[in-house]
Every structure is written in C-alpha cells, then in structure tokens.
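Under numbering that gives the first Met the number 0, the sequence shown has 115 at position 116, and the numbering climbs by one with no breaks.
No lab work stands behind these hints: they were computed from the structure.
Each residue gets a CB set at the ideal place from its N, CA and C atoms; glycine is no exception.
Treat the hints with care, as some may be off.
What the hints assert, rightly or not - The calculated label-pair distances, taken between Cβ atoms and stated as ranges, are:
{"id": "1", "residue 1": "Lys19", "residue 2": "Leu55", "range": "19 to 29 Å"}
{"id": "2", "residue 1": "Gln140", "residue 2": "Val27", "range": "52 to 62 Å"}
{"id": "3", "residue 1": "His15", "residue 2": "Lys149", "range": "28 to 38 Å"}
{"id": "4", "residue 1": "Glu50", "residue 2": "Pro8", "range": "18 to 28 Å"}
{"id": "5", "residue 1": "Glu125", "residue 2": "Lys19", "range": "47 to 57 Å"}
{"id": "6", "residue 1": "Tyr58", "residue 2": "Gln85", "range": "47 to 57 Å"}
{"id": "7", "residue 1": "Arg35", "residue 2": "Gly148", "range": "13 to 23 Å"}
{"id": "8", "residue 1": "Thr83", "residue 2": "Pro122", "range": "29 to 39 Å"}
{"id": "9", "residue 1": "Gly117", "residue 2": "Pro70", "range": "22 to 32 Å"}
{"id": "10", "residue 1": "Ser30", "residue 2": "Pro70", "range": "48 to 58 Å"}
{"id": "11", "residue 1": "Val27", "residue 2": "Asn68", "range": "51 to 61 Å"}
What the hints assert, rightly or not - Below, computed lysine-lysine pairings styled on BS3-like, alpha-carbon distance capped at 30 Å:
{"id": "12", "residue 1": "Lys105", "residue 2": "Lys119"}
{"id": "13", "residue 1": "Lys19", "residue 2": "Lys7"}
{"id": "14", "residue 1": "Lys105", "residue 2": "Lys144"}
{"id": "15", "residue 1": "Lys149", "residue 2": "Lys105"}
{"id": "16", "residue 1": "Lys25", "residue 2": "Lys7"}
{"id": "17", "residue 1": "Lys149", "residue 2": "Lys119"}
{"id": "18", "residue 1": "Lys144", "residue 2": "Lys131"}
{"id": "19", "residue 1": "Lys149", "residue 2": "Lys131"}
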Amino acid sequence: MSAEEDTKPSEFLANHLARKGPDEVKKVQASVDRARELLASGEVQLYREGENPFELAPYPWEVSEVPANAPRRIFLGTVSDLATGQGHTVYFAAALAWNEDEFRRKMAAHIGHALANGAKVNPGVEDFHFSKTFISPSLRQTLEKFDEGKDAPAAFFFLSQWHENRS
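Sequences and hints are given; from them, build the entire structure.
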C-alpha cells in the first residue's frame, strides 16, 4: 500500500460520522488531535502484537493448517441463534472439507465467526442433530457418495436455515 493510500480517508467512516451529526464530528476530531499530541510527546507506545484490546484474537480453527494427506470428507454442522424479540434461527451446513477446522472456516464465510465457532460439527453423514429435517433422502445419497470420494466435486457447500419468530 502506498503512503497516499494509507492517508486516504475512509469514505465509509466519514459517511457514518457525518450522519451522526456535527457534534460527533467535533468529538472525533478532538480525539484525533489529542492522539497526535500523545504520539508527538512520546507519552504512549504503539501496541505490540496481540496487545490491542480492540483486535480480537482469532479462534484456533481460523489459523490452523490442513494436515498433510488428510482425506476430504463430508462434515455436517448445526448451530442455533436465539435472540429475544428476533426469534430463533437454526443453521445447518454440509460441506466437503479436509478437517473440522476447514469446515468451520467455510461456515464462517456464510454465518459469521461467532456462530461457526459455536456450531456442533460431525464428520460423515450418519444421523446428526437436525439432519433429518434438513437433508432429503436424495441429498443424503449424494453426500454419502461424496464422503466416499465417489464423483466428488472440487468444492461443495450446502447451507440451510430455519427461522421462527413467535413474538
């Protein structure tokens, strides 16, 4: 990234602040001015690796590597998202993956990291929580073939959700 790109303002952030009104813009500008004073005076030191409280550490499955020579297989996963006033959503996923960690990474791309981290995950196609609700007999046969390595595509990901709100 060039120095010019580093100092280019974030249009998204600028729009957000402008929508909050002139008082918020003044407050943020005053905070930026104070931060420059602190840097110039040497009163503060830059964060070291892993020290910034605003940067969350990754989940272990986000940074793991696929074991060498691991066979690809089908993994099933389910997670429930229950929020007062928003209802109850159950997510069910099936995917070809090298291991559980890769499967969670695939889920995270669709439902977010927190839900993917909380998902119950199972290798294989045997009966699993909600599998009878979300997997049709023909899909089950296809998944079983993929799990055995028969005619498996280069990539496969299936996601289904059930949402209910009774409020």
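Checked hints:
Restraint check, Lys19 to Leu55: a C-beta distance of roughly 24 Å satisfies the suggested window 19 to 29 Å. For Gln140 and Val27, the Cβ-Cβ distance of about 57 Å falls inside the hinted range of 52 to 62 Å, so the restraint holds. Range check, His15 to Lys149: Cβ separation about 51 Å, and the 28 to 38 Å hint is violated. The hinted range of 18 to 28 Å is satisfied by Glu50 and Pro8, whose Cβ atoms lie roughly 26 Å apart.
The hinted window of 47 to 57 Å between Glu125 and Lys19 holds, with their beta carbons roughly 52 Å apart. Distance hint for Tyr58 and Gln85: a CB-CB separation of about 24 Å, inconsistent with the stated range 47 to 57 Å. At about 59 Å, the beta-carbon gap between Arg35 and Gly148 misses the expected band of 13 to 23 Å. Remark: the range hint 29 to 39 Å for Thr83 to Pro122 is upheld by a beta-carbon distance near 34 Å.
At roughly 26 Å, the beta carbons of Gly117 and Pro70 sit within the given window of 22 to 32 Å. In this structure, Ser30 and Pro70 meet the distance hint of 48 to 58 Å, their C-beta atoms being roughly 53 Å apart. For Val27 paired with Asn68, a C-beta distance near 52 Å keeps the hint of 51 to 61 Å intact. Only pairs whose Cα atoms come within 30 Å are accepted, and Lys105 paired with Lys119 is accepted, the gap being roughly 14 Å.
A C-alpha spacing of about 21 Å is found between Lys19 and Lys7, which places the hinted pair at or below 30 Å, so the restraint holds. At roughly 20 Å between alpha-carbon atoms, Lys105 and Lys144 fall within 30 Å of each other, so this suggested pair holds. With a C-alpha separation of about 22 Å, the suggested pairing of Lys149 with Lys105 holds against the 30 Å cut-off. A hinted pair counts as satisfied when its Cα atoms are at most 30 Å apart, and Lys25 with Lys7 qualifies at roughly 19 Å.
Under the criterion of a C-alpha separation no larger than 30 Å, the hint pairing Lys149 with Lys119 is consistent with the structure, at around 26 Å. For the hint pairing Lys144 with Lys131, the CA-to-CA distance comes to about 18 Å; that is within 30 Å, so the pair holds. With a CA separation close to 23 Å, the supplied pair Lys149 and Lys131 stays within the 30 Å bound.
The structure is inconsistent with the numbered hints 3, 6, 7, although it conforms to all the rest.
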